[in-house]
Amino acid sequence: MKKYSFIVFIFSIFLIISCAGDETCTQTKYVKLTVNFYHPNPLDSILSNRIVASIIDSLTVQGLRKDTLGKYTTVDSILYNNQKNVSTINLPLNNFSTSSIFKIKFNTITDTMTITHSNLNDYLSLECGCIITHSIDTVVMTHHYIDSVRIKIHDVNTINAENIRLFNKSK
Amino acid sequence: MQRIFVYLISLSSILLCLPVNTVMAQKKKQITVPADSTRWLNGFTVNVDVASLVTSTFVSNGIYSSEAGIQLDLKHKFFPTLELGVAGANKVSNDNINFKTNGVFERFGIDFNLRKKKPDSKPTNNLFTAGIRLGMSNFNYNVTNVSLTDTYWGGTEIINYPTQNTTKLWYEFVVGVQVEVIRNLYLGWNLRVKNMLSKDITGAVSPWYIPGFGQNNASNYGFNYTLGYHFFQQKKSVKKTPVILIEKKDKSK
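Chains A and B supply the protein sequences, listed in that same order.
Heads up: the first sequence at position 143 corresponds to 143 in the working numbering, and the numbers run straight through without jumps.
Heads up: the second sequence at position 6 corresponds to 1006 in the working numbering, and the numbers run straight through without jumps.
Hints were generated in silico from the structure; no laboratory data involved.
There could be a bad hint or two in this list.
Claimed, not checked - In the DSSO-like style, the derived pairs of lysine-lysine whose C-alpha atoms are separated by at most 27 Å in a straight line are: (1) A:K29 with B:K1199; (2) A:K169 with A:K84; (3) A:K32 with A:K169; (4) A:K29 with B:K1091; (5) B:K1116 with B:K1077; (6) B:K1122 with B:K1235; (7) B:K1122 with B:K1091; (8) B:K1199 with B:K1116; (9) B:K1100 with A:K29.
What the hints assert, rightly or not - Simulated restraints on C-beta separations: (10) A:G70 with B:T1167: 36 to 42 Å; (11) A:L69 with B:L1169: 55 to 61 Å; (12) A:V52 with B:W1153: 28 to 34 Å.
It should be emphasised that the depicted structure is a prediction, and the values quoted were computed from it without experimental measurement.
For glycine and all other residues, C-beta sits at the position ideal for the given N, C-alpha and C.
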């Protein structure tokens, strides 16, 4: 009887001790569009492993937004500022609009890439909150430096996957 | 011929004497052991969990819970159990997201008394039990003030997910002790390992807290400190039934 009373007493002490749960988010919330640059290769459509990555000597990328007058203005923050030797870039799509426009400067030649997409709210948890994932509908490009565009994976989320392939013009 | 006759007589007398000798070598001993006179339905116990009431009051952390249970006593060996409770949470995260829920939960299962009765021990109702439970809760919850910000393009949006509903199912392993402190009044504790059976649907707004289970993890631990009253308990008597045990004599002697 005494032994049992002692065990009950010990566990009543445990009752007072409580552990606070971990309230920090451990999941990645970074949603990014991945764009890779390639040299032109007509065999790409048949054998995708034959394509050769194109390394851009100097690259500058900035977002463009339409103002109330319908005029395009650059977003203050520059995503890639005269970055050297680039073959892949990660771009943020607009969470609250269905189109995202980027001004991409390849060395000295500038192209504009317009991506239309749908946005989807994705609730993760109380600790992490919500993220917005995207699904690419179309990609429209000017063709000063870039020759063609291919959408590889439409879904843009936290998984690091190649979404768009840009093929430069042959020299 | 006479020799053969004498031989047969002596052989048969040896064979006849063998069991007689064995019986003679045994020693009769009469002892008394308590008879298992416990009824099959030996009343029932109503338990109230004090631990959840104390933690809800003093270390709530935005969570409250209270539960009670009823436990049948079958032969003082098997204890079918039904536990009912209400629980809820009003939690604000570091990012000011608010989760709110209120719900009821049910658990049912069985405990087994692991305490072995010693032949000469004093009769006692104390229990050392192990058992299993199946738990279920159907509840509503709200997730509000979820802030979304676009750090590059600009803009902020607040999203609310009101009146979400789900049903969760889990199982538990329970070990515990119950001590009869005064006649029919029991104090006890039990420890539980809870494992979730229902899985969250990908993309769905999953609840942060599940009534009766705790935080929405794959498994949780639980602790109950119970105060119980045993109704219609059979009186333990020190009635002993005489039993004759036959002790075999040690061969080496």
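Violated hints, by number in ascending order, as checked against the structure: 7, 8 and 10
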